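Chains as they are written, first to last, in the numbering used here: chain R, 51 to 325; chain B, 4 to 211.
Heads up, a few of these hints could be off.
Unchecked claim - Derived BS3-like pairs: lysine-lysine, alpha-carbon spacing no greater than 30 Å straight-line: (1) B:71 with R:140; (2) B:97 with R:214; (3) B:145 with R:70; (4) B:145 with R:214; (5) R:105 with B:71; (6) R:236 with R:140.
Stated by the list, open to error - Here are some of the chain R residues that sit facing chain B, going by a computed Cβ distance under 8 Å: (7) 81; (8) 86; (9) 123.
What the hints assert, rightly or not - Here are the in silico distance ranges between beta carbons for each label pair: (10) R:97 with B:177: 18 to 26 Å; (11) B:179 with R:322: 37 to 45 Å; (12) B:38 with R:227: 52 to 60 Å.
To be clear, the hints were calculated from the coordinates, so they are not data collected in a lab.
All values derive from a computational prediction rather than experimental measurement.
We put the beta carbon where it would ideally sit given N, CA and C, even for glycine.
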Amino acid sequence: MAADNIDIELRLLIDAIYLKYHHDFRGYAAASLKRRLTSASGRFGCQTLSQLQDKVLHEPKTFSALLSLLTVPVSEMFRDPTYFSSLRDKVVPLLRTYPSLRVWVAGCSTGEEVYSLAILLREEGLLERTLIYATDINPQTLQKAAAGVYAIDRIAGFTENHRKSGGRASLSDYYTAAYGRAVFDKSFRRHIVFSDHSLATDSVFAEVHLVSCRNVLIYFNRELQNRALGLFRDALCRKGFLGIGMKESLRFSSHARSFVDLAYEDRIFQKKDEP
Amino acid sequence: MRVAEALQYRIDAIVIGASAGGVDALSVLLPALPASLRASVFIVLHLPRERPSLLPEIFARKCALRVKEAEDKELAAPGTVYFAPPDYHLLLDKGPQLALSIDELVHFSRPSIDVLFETAADIYAERLMGIILTGANEDGAKGLASVHRRGGVTIVQEPDSAQVPLMVLSALRQTPADFVLPLEQIAELLRTLASAEPAESPLCQRGK
Numbered sequence: 051m052a053a054d055n056i057d058i059e060l061r062l063l064i065d066a067i068y069l070k071y072h073h074d075f076r077g078y079a080a081a082s083l084k085r086r087l088t089s090a091s092g093r094f095g096c097q098t099l100s101q102l103q104d105k106v107l108h109e110p111k112t113f114s115a116l117l118s119l120l121t122v123p124v125s126e127m128f129r130d131p132t133y134f135s136s137l138r139d140k141v142v143p144l145l146r147t148y149p150s151l152r153v154w155v156a157g158c159s160t161g162e163e164v165y166s167l168a169i170l171l172r173e174e175g176l177l178e179r180t181l182i183y184a185t186d187i188n189p190q191t192l193q194k195a196a197a198g199v200y201a202i203d204r205i206a207g208f209t210e211n212h213r214k215s216g217g218r219a220s221l222s223d224y225y226t227a228a229y230g231r232a233v234f235d236k237s238f239r240r241h242i243v244f245s246d247h248s249l250a251t252d253s254v255f256a257e258v259h260l261v262s263c264r265n266v267l268i269y270f271n272r273e274l275q276n277r278a279l280g281l282f283r284d285a286l287c288r289k290g291f292l293g294i295g296m297k298e299s300l301r302f303s304s305h306a307r308s309f310v311d312l313a314y315e316d317r318i319f320q321k322k323d324e325p
Numbered sequence: 004m005r006v007a008e009a010l011q012y013r014i015d016a017i018v019i020g021a022s023a024g025g026v027d028a029l030s031v032l033l034p035a036l037p038a039s040l041r042a043s044v045f046i047v048l049h050l051p052r053e054r055p056s057l058l059p060e061i062f063a064r065k066c067a068l069r070v071k072e073a074e075d076k077e078l079a080a081p082g083t084v085y086f087a088p089p090d091y092h093l094l095l096d097k098g099p100q101l102a103l104s105i106d107e108l109v110h111f112s113r114p115s116i117d118v119l120f121e122t123a124a125d126i127y128a129e130r131l132m133g134i135i136l137t138g139a140n141e142d143g144a145k146g147l148a149s150v151h152r153r154g155g156v157t158i159v160q161e162p163d164s165a166q167v168p169l170m171v172l173s174a175l176r177q178t179p180a181d182f183v184l185p186l187e188q189i190a191e192l193l194r195t196l197a198s199a200e201p202a203e204s205p206l207c208q209r210g211k
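Let the sequences and hints guide you as you build the complete structure.
Shown next, in the form of structure tokens:
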């Protein structure tokens, strides 16, 4: 059977983006990418993905707007509170044994997860000795993440999540509210490096003790998932920790055997001692 | 139910969407699925997003088929009922493979019926059956239209028999349904979808 037009157009558009802008979406899960691109083409006034391709190739501005539509997942602070309480109970005691710590938040988007981890580490007295690498493929969202500013109407949900995650203080201790926005404490910034990094095309850049990469892998196909998990394995120190999304799994990856379950219900794994 | 008998050979997947009143409706439909069903069954039932779902456990007991929560990247197995997990969209990808996403809510819902139905229609085309049941939401109407457009079979619960008819009415406004039936008759139709040797059917689309 001949491929549908839209599937041909999708592939051509993704190739065009790769050739022109070196952003590689070729390993993304097709169904959600197609939905995002189709809804984006409407926003840019395009009837077809071919029209969108024309715009994307000739207007870098359109591409950067498109990139944001393609890469910003809905996130919230302390999403899945039990993930964070598991980190507190099962991972933090082991992290305490290291004199200095490095954490990698891969696919950090607008930073909600980064600040959640920074707050958790501060509450556990570990932030002072920690450096968090927060990476994403989208420079615009990295800027937003670095600013640490969120709409005030989202804070109630964040506060509730923080409390459920076993938060030791009030979330309001960590931000200042002004003009309908909550600005997170600048002191967090000293412990966070925001940086451009692609799980599809870049390699390992540091040795870390904890990788947190949640609800990013679901947007990848199995091959790209495998590549990303390989990077995490290589980046982690001996017996380092990996946290992924609550509905994500290692079982389709050849790297599954490099990890053991630490808190399976919350998708926290530990790298094995031996390869 | 002659039409249904003719259909059975080409249905590889059934997608079901329900909202308010959906648990009761599914309690009538799912036990009717025959143990020999060849199709995969995917279900979106709107539920509170913040709680883990007990649906797979509840329905496993009432169902002759394997019932489980959908997992990202698993291959769709025949004769298996998959529930979308709370707070994730469920999509179908080539394989057919299941995929999850946390993209924005659709009709205030995640999982959304539209997302499941539209992506399933892309993958299964005319080998898909879409069923819209009771609910107080317009989710599913666009999705059922996609199923119809791609040549799939569309079934809508008869509005009078729905606990809350808004969802089925919205679906009927957008799509000419192949069947508009009360719940018991949809169950009856599902019962006839027992597997037979696909090769015996002239309607068979496989092995082309």
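These are the hints, each one checked on the structure:
Taking the CA atoms of residue 71 (chain B) and residue 140 (chain R), the gap is near 29 Å; set against the 30 Å cutoff, the hint holds. About 38 Å separates the Cα atoms of residue 97 (chain B) and residue 214 (chain R), which puts this hinted pair outside 30 Å; it is violated. Restraint check: the Cα-Cα separation between residue 145 (chain B) and residue 70 (chain R) comes to about 35 Å, which exceeds 30 Å; the hinted pair is violated. Our distance criterion of 30 Å between C-alpha atoms is broken by residue 145 (chain B) and residue 214 (chain R), whose separation comes to about 37 Å.
Under the criterion of a C-alpha separation no larger than 30 Å, the hint pairing residue 105 (chain R) with residue 71 (chain B) is inconsistent with the structure, at around 43 Å. Annotation: proposed proximity of residue 236 (chain R) to residue 140 (chain R) holds, straight-line Cα distance about 28 Å (limit 30 Å). With a cut of 8 Å, the hint placing residue 81 (chain R) at the interface with chain B holds, because the nearest CB-to-CB distance is about 4 Å. For the restraint placing residue 86 (chain R) at the interface with chain B, the shortest Cβ-Cβ distance is roughly 7 Å, inside the 8 Å limit, so the hint holds.
With 8 Å as the threshold, the beta carbon of residue 123 (chain R) comes within range of chain B, its nearest partner Cβ sitting at about 5 Å, so the hint holds. The hinted window of 18 to 26 Å between residue 97 (chain R) and residue 177 (chain B) holds, with their beta carbons roughly 21 Å apart. In this structure the supplied range 37 to 45 Å is violated for residue 179 (chain B) paired with residue 322 (chain R), their Cβ-Cβ distance being about 57 Å. Distance hint check: the CB atoms of residue 38 (chain B) and residue 227 (chain R) are about 58 Å apart, consistent with the given range 52 to 60 Å.
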